[in-house]
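Undergrad: Numbering (the numbering used here), first residue to last: 655 to 970.
Take these hints with a grain of salt, some might be off.
Here are the simulated distance ranges between beta carbons [stated by the list, open to error]:
{"id": "1", "residue 1": "713", "residue 2": "879", "range": "18 to 26 Å"}
{"id": "2", "residue 1": "904", "residue 2": "750", "range": "51 to 59 Å"}
{"id": "3", "residue 1": "960", "residue 2": "672", "range": "44 to 52 Å"}
{"id": "4", "residue 1": "693", "residue 2": "780", "range": "18 to 26 Å"}
{"id": "5", "residue 1": "889", "residue 2": "733", "range": "35 to 43 Å"}
{"id": "6", "residue 1": "681", "residue 2": "780", "range": "23 to 31 Å"}
{"id": "7", "residue 1": "880", "residue 2": "695", "range": "48 to 56 Å"}
{"id": "8", "residue 1": "781", "residue 2": "953", "range": "56 to 64 Å"}
{"id": "9", "residue 1": "725", "residue 2": "861", "range": "45 to 53 Å"}
{"id": "10", "residue 1": "824", "residue 2": "750", "range": "46 to 54 Å"}
Please keep in mind that the hints were generated in silico from the structure rather than gathered at the bench. Even for Gly, the Cβ is constructed at its ideal location relative to N, Cα and C.
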Amino acid sequence: MLQHQLQYAKGKLLSMIEDAVGNEFEKLFHHLMELRHDDYMVIRTHGNIGDLGGDGYRMSTRQLYACYAPESFDVSEVRGKFRSDLESAIIHRPEQFETFVFVHNDRRGGIHPVISGVLANARTDHPHISFQQMGPRKLWIEASYLDRHKMEDLLGERIPVDLVAYSIGMADIEPLLKHMAESRRRLVTVEPIPLPTTHKADFNRLSQYDRDSLQAGRPYSYLVEQYYRGGLDVHERDEVANGFRAHYEQMRIAYGDDSDEIMHQMRCYVLGQEMARQARDEAAKAVLAYFFDECDIFEVPPPGWEPARTGRGGAA
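Sequences are here, hints too, so could you generate the full structure?
TA: The following block contains the structure:
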């Protein structure tokens with residue numbers, strides 16, 4: 655598949671994973687694994703013997719999978735079900751598996767710390783068994799090996815061949831701003847923020863790509879202002895902006911006048927270390943456009959400065 659098709663598929667699948675609970679999530683997981691591995695078997699419950707501690711099984715790797723995606727996460731219930739499934743598997747399938755895989759859809763990018771402790775304790779109590787966890791990121795890695803036809807089967811829809819124009823909303827903006835708030839630097843002192851100017855992009859010698867990226871984000875930059883106006887912490891916006899500005903100053907020292915590299919580093923600052931799906935990348939454009947236009951990042955030309963003009967009347 656082409657890169658933009660993979661981005662589309664990733665965004666769609668992660669959304670499906672995050673929205674699915676209970677049997678719906680289990681069916682989605684089975685569908686993915688059956689498309690991905692010829693030796694994957696779905697284990698259905700039967701009478702009073704249940705599923706004997708597993709929801710799915712791979713013969714070649716001797717992996718037993720157990721799915722956990724409750725509608726409302728209760729630590730004690732999940733911990734109890736994990737222990738019950740594991741004990742049942744050890745009793746009824748002692749020679750059939752070597753790895754017990756905890757499959758979940760925790761949208762926060764990991765598993766609950768109590769559950770990670772349960773996995774660690776299980777590893778200590780049963781050293782002959784390997785324990786793994788499989789969340790949304792690892793599920794996507796499995797899916798990324800599918801060809802386009804199998805991926806469309808999994809998603810239940812055709813993947814667009816052409817590039818798709820995305821729109822974004824507060825749900826896409828908010829996680830980025832929360833991420834920036836977590837990494838903000840308090841008590842950072844910066845110079846007073848100057849007034850914006852229409853020549854700022856020219857003065858900083860931004861590439862056409864970066865200009866287009868900022869322009870694409872501007873229709874949605876009002877969401878950033880809306881987010882901060884609705885927040886309880888009246889100082890959060892300024893603290894985040896100060897931290898953003900401080901990071902920009904570090905990048906300017908590191909990369910000098912290389913505006914392309916500086917803009918790339920600022921984009922990485924907004925997105926964090928996580929690979930961005932399309933909607934998240936579009937949201938980052940809006941965040942960058944907001945702080946750029948508010949003059950929290952990049953340099954403002956001195957009063958009266960205008961770009962040099964070419965013979966055809968364009969900016970040099």
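Undergrad: Return holds or violated for the Cβ distance of residue 725 and residue 861 against the range 45 to 53 Å.
TA: holds (47 Å)
Undergrad: CB of residue 781 to CB of residue 953, is that within 56 to 64 Å?
TA: holds (59 Å)
Undergrad: Regarding residue 713 and residue 879, is the given constraint of 18 to 26 Å on their beta-carbon distance met?
TA: violated (56 Å)
Undergrad: For the hint 51 to 59 Å, verify it against the beta carbon of residue 904 and that of residue 750.
TA: holds (55 Å)
Undergrad: Is 44 to 52 Å a correct range for the gap between the Cβ atoms of residue 960 and residue 672?
TA: The hinted range 44 to 52 Å holds for residue 960 and residue 672, with Cβ atoms some 49 Å apart.
Undergrad: Starting from the range 35 to 43 Å, see whether the pair residue 889 and residue 733 falls in it by beta-carbon distance.
TA: The hinted range 35 to 43 Å holds for residue 889 and residue 733, with Cβ atoms some 39 Å apart.
Undergrad: Should the hint that residue 693 and residue 780 are 18 to 26 Å apart at their CB atoms be regarded as holding?
TA: Check passed, 24 Å falls within 18 to 26 Å.
Undergrad: Indicate whether the distance between the beta carbons of residue 681 and residue 780 respects the range 23 to 31 Å.
TA: holds (29 Å)
Undergrad: Within 48 to 56 Å: is that where the Cβ-Cβ distance between residue 880 and residue 695 falls?
TA: For residue 880 and residue 695 the Cβ distance comes to about 50 Å; the hint holds.
Undergrad: Is the distance from the Cβ of residue 824 to the Cβ of residue 750 consistent with 46 to 54 Å?
TA: holds (48 Å)
The earlier numbered hint that this structure contradicts is number 1, and it is the only one.
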